[in-house]
Amino acid sequence: MSKPVRVRFAPSPTGPLHMGGVRTALYNYLFAKKHNGTFLIRIEDTDQTRFVPGAQDYIMDALSWCGIMPSEGPGLGGDFGPYVQSERKAMYRPYAEELVANEKAYYAFDTAEELEQIREQAKQMGMPNWQYNSVTRTSMKNSLTLPQTEVEERLAKGDPYVIRMKMPRNEDVRFHDLIRGWVVVNTNNLDDKVLFKSDGMPTYHLANVVDDFTMNISHVIRGEEWLPSAPLHVLLYQAFGWDAPEFAHLPLLLRPDGNGKLSKRDGDRLGFPVFPTNWTTAEGELYSGYREKGYLPEAFINMLALLGWNPGTPQEIFTLDELVEAFSLERVSKSGAKFDPEKTKWFQQSWLRMQTDAELARGLKATNPSMSLSDKDLETLVGLMKERATFAEDILIDGAYFLGNPREFDQETIRKKWKAETTGYLHEWMDRLEGIAEFNSVTIESAFKKYLEEKGLGIGAVLLPYRLSVTGVGAGPGMFDVSAFLGKEEVLSRMKQNLPKIADILHEA
RNA sequence: GGCCCAUUCGUCUAGUGGUCAGGACGCAAGGUUUUCAUCCUUGAAACAGGAGUUCGAUUCUCCUAUGGGCUGCCA
Numbered sequence: 068m069s070k071p072v073r074v075r076f077a078p079s080p081t082g083p084l085h086m087g088g089v090r091t092a093l094y095n096y097l098f099a100k101k102h103n104g105t106f107l108i109r110i111e112d113t114d115q116t117r118f119v120p121g122a123q124d125y126i127m128d129a130l131s132w133c134g135i136m137p138s139e140g141p142g143l144g145g146d147f148g149p150y151v152q153s154e155r156k157a158m159y160r161p162y163a164e165e166l167v168a169n170e171k172a173y174y175a176f177d178t179a180e181e182l183e184q185i186r187e188q189a190k191q192m193g194m195p196n197w198q199y200n201s202v203t204r205t206s207m208k209n210s211l212t213l214p215q216t217e218v219e220e221r222l223a224k225g226d227p228y229v230i231r232m233k234m235p236r237n238e239d240v241r242f243h244d245l246i247r248g249w250v251v252v253n254t255n256n257l258d259d260k261v262l263f264k265s266d267g268m269p270t271y272h273l274a275n276v277v278d279d280f281t282m283n284i285s286h287v288i289r290g291e292e293w294l295p296s297a298p299l300h301v302l303l304y305q306a307f308g309w310d311a312p313e314f315a316h317l318p319l320l321l322r323p324d325g326n327g328k329l330s331k332r333d334g335d336r337l338g339f340p341v342f343p344t345n346w347t348t349a350e351g352e353l354y355s356g357y358r359e360k361g362y363l364p365e366a367f368i369n370m371l372a373l374l375g376w377n378p379g380t381p382q383e384i385f386t387l388d389e390l391v392e393a394f395s396l397e398r399v400s401k402s403g404a405k406f407d408p409e410k411t412k413w414f415q416q417s418w419l420r421m422q423t424d425a426e427l428a429r430g431l432k433a434t435n436p437s438m439s440l441s442d443k444d445l446e447t448l449v450g451l452m453k454e455r456a457t458f459a460e461d462i463l464i465d466g467a468y469f470l471g472n473p474r475e476f477d478q479e480t481i482r483k484k485w486k487a488e489t490t491g492y493l494h495e496w497m498d499r500l501e502g503i504a505e506f507n508s509v510t511i512e513s514a515f516k517k518y519l520e521e522k523g524l525g526i527g528a529v530l531l532p533y534r535l536s537v538t539g540v541g542a543g544p545g546m547f548d549v550s551a552f553l554g555k556e557e558v559l560s561r562m563k564q565n566l567p568k569i570a571d572i573l574h575e576a
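If you want our numbering, it's the 1-based position in the first sequence plus 67.
To be clear, the hints were calculated from the coordinates, so they are not data collected in a lab.
Treat the hints with caution; some may be incorrect.
[As the list claims (entries may be wrong)] Think about it this way: if two alpha-carbon atoms lie no more than 25 Å apart in a straight line, the pair counts; the simulated PhoX-like pairs of lysine-lysine are:
| id | residue 1 | residue 2 |
| --- | --- | --- |
| 1 | Lys484 | Lys405 |
| 2 | Lys484 | Lys443 |
| 3 | Lys208 | Lys328 |
| 4 | Lys555 | Lys516 |
| 5 | Lys171 | Lys156 |
| 6 | Lys328 | Lys101 |
[Claimed, not checked] Label pairs and their calculated CB-CB ranges:
| id | residue 1 | residue 2 | range |
| --- | --- | --- | --- |
| 7 | Asp424 | Glu389 | 20 to 28 Å |
| 8 | Asp388 | His243 | 45 to 53 Å |
| 9 | Gly308 | Ile384 | 28 to 36 Å |
| 10 | Glu183 | Gly338 | 34 to 42 Å |
| 11 | Lys563 | Thr380 | 39 to 47 Å |
| 12 | Gln416 | Asn169 | 17 to 25 Å |
| 13 | Thr212 | Asp310 | 43 to 51 Å |
| 14 | Glu389 | Ala570 | 55 to 63 Å |
| 15 | Gly327 | Ser138 | 31 to 39 Å |
| 16 | Gly327 | Lys563 | 54 to 62 Å |
| 17 | Gln115 | Gly308 | 43 to 51 Å |
A quick note: this is a predicted structure, and the numbers were derived from the prediction, not measured.
Where is the CB? At the ideal position from N, CA and C, for every residue including glycine.
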């Protein structure tokens, strides 16, 4: 009989959530939904010095854009709240004291400055990382070395202290990871981590274990950067006499170039966002987000899901619901995944195509309220341009000539395609256009073919120059569709205005 | 430096004690298209290295190398 699945995503509000964090949240969400469990958010703000205003709202907003909805969390309620650790502050000290009473932990009075000094000295003597551990603690100021009376005196007096884990000597800590299998670490390699800080707050380790236990968390699914401290957490569960949850440590997201963990600086430097949505720092520095770049949340989520997990089938396009259905931790890979901006674009393009013309038109109208096009015309335009676009806005950018006479004319196409007699053909073609009674793509095409036939011309000799004189560019949707969309008056008026401009360009060349 | 984790095409990945090592993105070529895009076909492209186990290892074990993470009164 297994416990009900309850998982949490536990970010710290020290800045915006980057895409690695979103993926962790996503996998938690997928796992919870797959097993009819609960996905909750807990804010880990035990470090008051690193608190960044707005970060918590950013996290909730970004997850909401992604469609990753927690059922418990700050502002959402739930039976295990509060869901912000600073609001739970009072509950941690008794747990820390309990460990001291049971000799699993001890008071330490060494100040941060003293420790820094010791580390510095050790470094100069060739020891790169001095640790407060089962060996060194015997020569430090703590309740294990100081006389009992002095300890009590110091505590009574209000001397600052921390509570440290009393790491046992030479014990193998074994735990099972759902992704990596058995992991074994000897406690000699672990130090006496601070569990409770002198400012009255717990550290991550204590708060995390206490909260996961008191919130009935069944599975801890988090990034691989936590793997080294997992043994400590396992030991803490043992010290409290609690059953530990299942662990699953996710592979890291790596940067596309060179090596290393994806970091917030990489994105805009390499030309892609690392954040789900825009984030502006207090200093006014902007980090761009997928939302504002024009990515659909479905595409973003789809891409993230496949980075480090695969369904074992050739399917690559998944809705959130389909991901829930297909997801399993067993199919999460062990090694870090380099993020690929190109493939991300492919997901975006694929998702854009799946939108209906009406949906896309509605979205464009919302982002461009001043657009004068009717809904029906905009939908037609979307239909013509959609296959050529990666982002919705591309439709308006690459299709700008649908909205107004172009100012620029592609010089290279002119140079390659414009012959001495071309302008003459176009004038003749204008006369034919003039004569078309019912102006639609079928009638225009047949008139065009008829004209070519009568003149004995090839299609390329006139069609491309025609396109260029109307749109300014040498590529795009079917020219008869474009013509029909613009209407007879507009097409003729453009040609009248543009042909002289093109002639000028030819003269200059 | 120490500890831990990892290693299949450029990238994301599938896979098995005997496979032509499969797919996707990207790239290249061809076809379709008046053009571009889409679409279709084809192609180049990988089991880090060395031992061992075995009739046989990409697959199992060990070593090495490489990459990554952690090493704070950060999370």
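Right, here's what the structure says about each hint:
Using a Cα cut-off of 25 Å, the hinted pair Lys484 and Lys405 is violated, with the two alpha carbons roughly 44 Å apart. Distance restraint check for Lys484 and Lys443: the Cα-Cα separation of roughly 34 Å exceeds the 25 Å cut-off, and the hinted pair is therefore not satisfied. For the suggested pair Lys208 and Lys328, the alpha carbons sit about 38 Å apart, so the restraint of at most 25 Å is broken. Under the criterion of a C-alpha separation no larger than 25 Å, the hint pairing Lys555 with Lys516 is consistent with the structure, at around 17 Å.
Note on Lys171 and Lys156: the hinted pairing holds, with a Cα-Cα distance of about 21 Å set against a maximum of 25 Å. For a cut-off of 25 Å, the pair hint linking Lys328 to Lys101 is broken: about 29 Å separates their Cα positions. The given range of 20 to 28 Å is respected by Asp424 and Glu389, whose C-beta atoms sit roughly 23 Å from each other. Checked against the given bound of 45 to 53 Å, the beta carbons of Asp388 and His243, roughly 30 Å apart, lie outside it.
Take Gly308 and Ile384: their Cβ atoms lie about 48 Å apart, and the range 28 to 36 Å is violated. Our hint of 34 to 42 Å for Glu183 and Gly338 holds, since their Cβ atoms are close to 40 Å apart. About 57 Å separates the C-beta atoms of Lys563 and Thr380, a value inconsistent with the hinted range of 39 to 47 Å. Distance hint for Gln416 and Asn169: a CB-CB separation of about 59 Å, inconsistent with the stated range 17 to 25 Å.
A hinted range of 43 to 51 Å is violated for the C-beta pair Thr212 and Asp310, which are about 34 Å apart. Here the CB-CB span from Glu389 to Ala570 is close to 56 Å, well matched to the stated 55 to 63 Å. Between Gly327 and Ser138 the beta carbon distance is about 35 Å. The supplied range of 31 to 39 Å therefore holds. The hint said 54 to 62 Å for the Cβ distance between Gly327 and Lys563, and at roughly 59 Å that hint holds.
The beta-carbon spacing between Gln115 and Gly308, approximately 30 Å, falls outside the hinted interval of 43 to 51 Å.
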